[in-house]
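Visitor: As a plain string of letters, each chain reads:
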Amino acid sequence: MNIVSAQLGNSLYNCVRSNLIWPLWTRSHFTYYPTSLGTGKRMNMFNAINNAMDLALDEDKSALLFGEDVGFGGVFRCSVNLRDKYGSQRVFNTPLCEQGIAGFAIGVANTGATAIAEIQFADYIFPSFDQIVNEAAKYRYRSGGLFDCGSLTFRVPCGAVGHGALYHSQSPEAYFAHTPGLRVVIPRGPIKAKGLILACIRDPNPCIVFEPKTLYRAAVEEVPTEYYTSELGKADILRHGKDVTLIGWGTQVHVLLEVAETAKSKLNIDCEVIDLVSILPWDTIAICASAKKTGRVIIAHEAPLTQGFGSELASYIQEKCFLHLEAPVKRVTGWDTPFPHVFEPFYMPDKHRCLSAINDIVNF
Amino acid sequence: MSFLRKSVHLMGSVARRQQHLKVIGGAISTAARDFSSKPSDDYANFPGAKAPFVSKLNLIQPEDYAPIPIYRVMDQDGYIADESQDPQLSREVVEKMFRDMVLLNTMDKILYESQRQGRISFYMTNFGEEASHIGSAAALEMRDLIYGQYREAGVLVWRGFRIDQFIDQCYGNTDDLGRGKQMPVHYGSRELNFVTISSPLSTQMPQAVGAAYAMKLRPDNDACVVCYFGEGAASEGDAHAAFNFAATLGCPTILFCRNNGFAISTPSHEQYKGDGIAGRGPMGYGITTIRVDGTDVFAVYNAMKAAREYVLKENKPVVFEALAYRVGHHSTSDDSTAYRPAEEIEIWNSVEHPISKLKRYMVHKGWFDETVENEYVKDIRKKVLKQIAVSEKKLKSNWREMFEGVYAEMPDHLIEQRSELEKHIGAHKEHYPSMNFEK
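Chain order of the listed sequences is L and V.
So for the first sequence, UniProt numbering puts the first residue at 1; every next one is plus one.
So for the second sequence, UniProt numbering puts the first residue at 1; every next one is plus one.
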C-alpha cells in the first residue's frame, strides 16, 4: 500500500461526484449505460456492493469481512455501516499488508468460514500474488481435495479513473486469468456487482471480483433489494448485431455500447456488444457463437496489449472460428506502457479508437 | 495507506494544541489530552507509542538487551535439573514418545536411501528435530489444527499417520491421500487435522493465523492452531504478516519456529542479526514468547502445554522458538558437508541428539530395555522396507485425475482439454506410461 491512496481514494469519488474540481480530473471517457430490470431500489455500485455484503453477512454467520480501512466503511465506502451492524469481530481492519490479508483469508476459508477480503486497490494486489496464485488457487488440487479455501472472495477495486496514474489505475485481470483454480469476474454496474459478489461468496472456489472503481459512484441502477446471484462464467449479450462483435468487460462495456450506437447512426454498422463478465473461466460458447455470426471481432480492454486477456480471446477465436472470420480479430487496448498520469486520454481504448477499429475491420 | 489521513488528523490536533497554548497559556498536559483521555505527566501520548520522554539521547544497542534464555528440563545426560519441571509423564507416554522418535528416525534413514537408489524422487529427513516434533505434538489435542512447513513428519507420526500413508504419498500412488499431486513429503490429513504441506515457504503462516481467528469465533472454542516454520522461513514477508496479524487480531495460534540453524546451506547468522526468532516476539510484535531447547522433548512438551493453555485462555498468539540442529542434509538434493564440518554434525548426531537424551533419561528410570528397543527398530525397518515394496508396485491414479480438483466442479474448458488429451493418448499410446496408471 502507499501513502496517497486514502486521499486519492477520496478524491477519486469526490471528483466523479462533483464534476468540477480540475477539468482533466473530471474528464470521463465513457457514458454510463444502466442495466434495467424495471424494479428495485436506486443504488450506485458501492451501495449495491454494500447491500450484497450486508445480505451475505446476515445470511452466513461465519462470514467475515476485512481489509485495510474496511472497519470505518472502506476508502470507497463499500463496507459502510457493516461494522456497526455485525460487530468488530466480523467486520474489521487488518494491518496494512496485502500478503497478510490474502493469507489470513485463505486460513479463514480453510476452516470452512466465509472470507470476504478487500484489497484496497488492484495496483497493490501484487504482494499477495504468491498467496493467491500459489496457495488459494492450488489448495484443493494439491491436497487431493482434503482441504480447500473455496469460501474465499477477494474484492479488488481496479481500472482507470481519469487521474489515477500508474498505481491507482491498473487492470491486472490477465495475471490471474493465467492461474487455474481461480474465478475472476468483473461487473459493469450495480446490478451485476451485487449478483456476482453474492455468487462468488457462495461459489466453492476462490474468487476475485475486480470492481471498476470509476463506477462506484458514476454507475446508478435500480437494484433488486433481495438476495440474488448472477451466473458465473457466463457472458452477457447487451446489444445484438450482425456485422461486428465488440467484446469488453467492466467500464469498457459502456465505451463499447456508445460506440455501437455511433457505428449504427454514422456508419450504418450493426455491432453486437458482449460483456464478458467472467474472465476465468470464460464463456467460450457465447463468444464463439457471436464470432461465427458476425465474422468480425474486436476486443477492447484497458490493460496493456501484450498478453492482455484480449490475446487469449483472439487466439481462441481464430482457433475455433477460423473459417467464419472475415477479418483478423482486432484488439483495442491500453498501450504497452505503464498506466500514465497526464497522458491518460492518449492511453485509453476510448470510443474514438474503438470506432476507428470498427471502420478498419469492416473495410479489411 | 492511511498516512495522509492520519497526518491530516495530526495537523488538526497540532492546530488545536496551539490554540490551547494561546488560550490557556501553555499547559502541555492539557494539550496532551487531545490524544488520549488518560492524563499523564511523564508519558508521551502519541497514538503510535506510549513511552516516557527522556532528555538524554540514547542510541539503544542490541547488546543492551540480554538474549532470551532457553528453557531446558533435561540435560544432555538425561537428568532433570529441577524436579519441579519434570512433566511426570507415565512410562507408557514416554515410551510412545521415544518409539515415535525412533520410528521417524528409522523411516527417514530408509526413505533417504530409497531416494538415493532412485526409487522415490525426493525426500527430506527430520534428523535432530525429532524432539520438537514429538514434544509439541504430545502437548496438543487432536482437535488443534496443524499447519506445517515440510519437516514436521514427527507430528504426523504422533497423531497416527501410518507408515503406508507416508510411503504411499512419497510414491504418489493411488492410495496417496494427496492423489499424486505433489512431491514426496507433502503430507496432509483431514482426519488428523494436519493441513496439506505446500512447497512455498511461510505461506502457511498467515493462513494459520486466519484459521485461528475463525476458530476463535466459534462458540465454546477449545482448539488452537499450531504453525511450524523454520528460522529461514521467518525471513519471508509472510512471517512478518503472520506475526503482526496474530498480534493485532488476537488469534489463538502458536507460531512454532524450528530454529535448526540452517536454511538449506545458509546458517542462521546470515539469516538474521537479532536474538533469534524469539527476540522478535515481545518487543517487535507484542507477542508472548517462549524459547526452548528443541532437543529436549520434555522442555518442548512443558512449554507447548503452557503455550496452548495461554493462547486459548487469552485468545492471543505465542511465539515459540525451539532451538535444535538440522543433523541431516536439507533434502536429497543437498550435501551439507559442503558448507559445514562433519565433526560439528557428529556432535549433534550423538551426545546432543534428542533421541540419545531421552534414551538416557529412560535408562535412569529403568524404563529402557536394549533388546526390546533393538527389536522395535528391526521391526520398523522391516515394515518400512516391506511397505516400500508394496507402495512402489501400486498403480498411480488414472491420468484423468490430473484434471480433477482444479475447481470444485470441472469447468467446460477442462472437460474439453481432457477429451483432447484422451484422443491424443488414444492415437499415441506407445509414448505414454499408461501401464503404471489405473485404467
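Rather than coming from a laboratory, the hints here were simulated on the basis of the structure.
Quick reminder that beta carbons are idealized off the backbone N, C-alpha and C, glycines included.
The reader is advised that the hints may include incorrect statements.
To be verified - Footprint (simulated), chain L over chain V, 3 or more residues, beta carbon under 8 Å:
| # | segment |
| --- | --- |
| 1 | 237-246 |
| 2 | 365-375 |
What the hints assert, rightly or not - Okay, derived cross-link-like pairs now, SDA-like style, lysine to any residue, Cα gap no bigger than 20 Å in a straight line:
| # | chain 1 | residue 1 | chain 2 | residue 2 |
| --- | --- | --- | --- | --- |
| 3 | L | 234 | V | 412 |
| 4 | V | 316 | L | 145 |
| 5 | L | 320 | V | 313 |
| 6 | V | 316 | L | 178 |
| 7 | V | 316 | L | 92 |
| 8 | L | 85 | V | 421 |
| 9 | L | 61 | V | 423 |
| 10 | V | 313 | L | 127 |
| 11 | L | 320 | V | 415 |
| 12 | L | 320 | V | 416 |
| 13 | V | 393 | V | 221 |
| 14 | L | 320 | V | 423 |
| 15 | L | 234 | V | 409 |
| 16 | V | 316 | L | 320 |
| 17 | V | 396 | L | 145 |
| 18 | L | 61 | V | 219 |
| 19 | L | 234 | V | 89 |
| 20 | L | 234 | V | 415 |
| 21 | L | 61 | V | 220 |
| 22 | L | 61 | L | 86 |
| 23 | L | 234 | V | 396 |
Visitor: Need the list of violated hint numbers for this structure, in ascending order.
Guide: As far as the earlier hints go, 2, 4, 5, 6, 8, 9, 10, 13, 16, 19 and 23 are violated by this structure, in ascending order.
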